[in-house]
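Chemist: With the hints as constraints, model all of the structure from the sequences given.
These protein sequence lines map, in sequence, to chains A and B.
Under this note's numbering, the very last position in the first sequence is 112; numbers go up by exactly one each time.
Under this note's numbering, the very last position in the second sequence is 112; numbers go up by exactly one each time.
Keep in mind that the hints were calculated from the coordinates and are not lab data.
Glycine included, each C-beta is placed from N, C-alpha and C at the ideal position.
There may be inaccurate statements among the hints.
If you anchor each label on the Cβ, the simulated ranges turn out as follows [to be verified]:
1) A/LEU9 with B/SER53: 34 to 40 angstroms
2) A/SER22 with B/LEU11: 36 to 42 angstroms
3) B/SER7 with A/LYS44: 21 to 27 angstroms
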Amino acid sequence: DIVMTQAPLSVSVTPGESASISCRSSKSLLHSNGITYVYWYLQKPGKSPQLLIYRMSNLASGVPDRFSGSGSETDFTLKISRVEAEDVGIYYCGQLLENPYTFGAGTKLELK
Amino acid sequence: QVQLKESGPGLVQPSQTLSLTCTVSGFSLTSYSVHWVRQHSGKSLEWMGRMWSDGDTSYNSAFTSRLSISRDTSKSQVFLKMNSLQTEDTGTYYCARNLKDWGQGVMVTVSS
Chain A
1 DIVMTQAPLS
11 VSVTPGESAS
21 ISCRSSKSLL
31 HSNGITYVYW
41 YLQKPGKSPQ
51 LLIYRMSNLA
61 SGVPDRFSGS
71 GSETDFTLKI
81 SRVEAEDVGI
91 YYCGQLLENP
101 YTFGAGTKLE
111 LK
Chain B
1 QVQLKESGPG
11 LVQPSQTLSL
21 TCTVSGFSLT
31 SYSVHWVRQH
41 SGKSLEWMGR
51 MWSDGDTSYN
61 SAFTSRLSIS
71 RDTSKSQVFL
81 KMNSLQTEDT
91 GTYYCARNLK
101 DWGQGVMVTV
111 SS
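Modeler: What follows is the structure in structure tokens.
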């Protein structure tokens, strides 16, 4: 199985500042079709996960453009610009390249 | 508006079979995949399997032969059945369209 390793496990951010979360996969997530199958989710307290970024750098519908995704074949970054109170929760990266789809352990974002 | 809603028993006895239903609206099961994902309390996400739009299924081998996913397109429902439940199967079970739109989840406790 592809292992997804996230860092840090938690981050504390001052509102208005930026935050970055890293994710590393144990195998390249670049498909032969040129698409990199890494996804980012936010799970707010007591809620279901919500998709933020798909295929490494595509913003999901309705997601503020303060969120952005980037990376290479195995190393990925989610950046949140101008963090707001509504961004609090646990962020997960996931790979949808091959069965079984797997997710990172999560990064908890809190406000200072 | 895309909606998914999980339903099923909140309590299941060890060694028994779990049966969950995902009722969807706002889209056709013949056009989109529906996935099942499990989350142990305070833990990350675990992909269980999917019902493809063509009716085929894929499973996480971690569940070996315990898991079965089926559907009734006339009722817009996808079903999960998992047998030989153990206490470690306790958690919240989600269905999700294309791992993009998620249901609210249903909490399942395995206990005698």
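Chemist: Falls inside 36 to 42 angstroms, the C-beta gap from A/SER22 to B/LEU11?
Modeler: Holds, at about 39 angstroms.
Chemist: Is 34 to 40 angstroms respected by the C-beta to C-beta distance linking A/LEU9 and B/SER53?
Modeler: Roughly 36 angstroms apart at Cβ, these two residues keep to the hinted range, so it holds.
Chemist: Verify the CB-CB distance for B/SER7 and A/LYS44 against the hinted window 21 to 27 angstroms.
Modeler: Given a distance of about 22 angstroms, which is inside 21 to 27 angstroms, the answer is holds.
Checked against the numbered hints above, the structure violates none of them.
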